Amino acid sequence: MNAPLAPKSLHPAIKWMAVLLLFYSFLMGWLGDVPRKVILNESVRNLYFHVPMWFGMLLMLLGSAVYSVRYLLFQQFTDDTQAHSLGLVGLLFGFLGLVTGMVWAQFTWGAWWSGDPKQNASAVGLLLYLAYMVLRSSFEDAQRRARMAAVYNVLAFFCLIPLLFILPRLTDSLHPGNGGNPGFSAYDLDGRMRWVFYPAVLGWTLTGWWLANLWARYRTLTSRAPLPLSKS
Amino acid sequence: MKQAAFLRRALALLGHDARRETRQAQALAGSLLYLVAGVFAAQLLLRPVGPAAWLTFYWLLVLFVSIYTVSRSFLGQSRGLHLYYRVSVPGVAWWLTKVMTGTLMLWVLMGFCAVLMALWMGYPIQDTGLFVLTIFLGAPMLVTVLTLVSAMSQGASQPAQLMPVLGFPLLVPGLLLVHRLSKLALDGLSWDLVWTYAGAMVGLNLMLLALGVLLFPFLWRD
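Residue numbers (the numbering used here), protein chains in the order written: chain A, 1 to 232; chain B, 1 to 222.
Hints were generated in silico from the structure; no laboratory data involved. These figures come from a predicted structure and were not determined experimentally. Hints are supplied without guarantee of correctness; some may be wrong.
What the hints assert, rightly or not - Estimated spans, in silico, between C-beta atoms of each pair:
hint, chain 1, residue 1, chain 2, residue 2, range
1, B, Leu193, A, Ser223, 34 to 42 Å
2, A, Val134, B, Pro51, 51 to 59 Å
3, B, Leu189, A, Glu140, 50 to 58 Å
4, A, Met102, B, Ser157, 28 to 36 Å
5, B, Tyr123, A, Met102, 54 to 62 Å
6, B, Thr128, A, Met102, 40 to 48 Å
7, A, Val103, B, Ser157, 48 to 56 Å
8, B, Gln158, A, Ala123, 34 to 42 Å
9, A, Tyr198, B, Gln158, 39 to 47 Å
10, B, Ser190, A, Ser223, 41 to 49 Å
11, B, Thr56, A, Val134, 25 to 33 Å
12, B, Gln154, A, Pro12, 41 to 49 Å
13, B, Ser190, A, Trp195, 46 to 54 Å
For every residue, glycine included, the Cβ atom is placed at its ideal position computed from N, Cα and C.
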């Protein structure tokens, strides 16, 4: 049996762009000028850190689902490894998004956890993908694991959509952009925040892509352990 | 022609599976007993029981009994019978059959659970018609997700343990909707909001059914 091919390394330009964009978004995120708003005050800067986590998570999980569909169609183990790695990075982003959101909520809503629909939905979203990891770890046979995990991953992504986008809209939430609370567009009257926010989203997404790629390459190399690594 | 043959096979399978379920009456009896024991224990512990607690307990018990029932009808199958189905029936027909028999069984179980709870714990539901609608829409949601999950956990090292771990998070969106809908039945207010939730439930059921049609053949292959 041929050893599975490791995914290609990302182009250096992508890595440099990720580094530069993150550097820029951290610098401008902490030092740049932001609108002064009641209650929110300086916490509005969380837009540059918390919201890109959710964008990054959704894109990673979307990528993971796409690779799972590819696995089901073509049965290439590389696709399964990619789906797994993107899922892990998505989980990491989701966790960071939840934590940054909780820190923000402590200062604006007055509690780390208030059972807000958005908080509940994201916690369940994390559970969905933790269960994906449990499912992966409970099969001995690699082919079966890959197939079952791919099916679950597609199902989980389709269940995540109503969870994150439809259910919170059916009830009142304190989250910006819900239940009469001003959303993103209300804060950036002169578009200043957009100049930091969009680069941050792009930077984190590229970083996630890079992380997933590294993880997938590492997994592929260690899965053919008997071979000396230097002969790859 | 092909569709007609397919439909005939699916119908034959449905009849066969339903007959097999009724012949193995101890299986359904097991689920019924599960409910009796559960409700009886609850009426000893939850006393007095408020309407909100009644409803929450109802859905929790229905969730547990559906996991138990669906996993038993799938994982409890003998290897030989399983192999026979695998070679003789296409995955999609099998999927539709399982959803139909499972839904019928859950309708019975959910109704039975409501009757038992009404007997021992009182009946706080104001709008019974709406509650029946909730049960009608809730059963396919539970069955589709759990059937997929049980098919996925076949061949795993701990299938019985995987069922709830995979099932709970996948079921949360549907359970939230079903709980909202039955909360309206509990309060018996106007039907203004009903159509929003019922529409969302129908959409969710259709999405899950379609996902099963697409994904089940992959689970079926070996």
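Exercise for review: Enumerate the violated hints, using their earlier numbering and listing them in ascending order.
Suggested key: Of the numbered hints given earlier, those the structure breaks are 1, 2, 5, 7, 8 and 10, listed in rising order.
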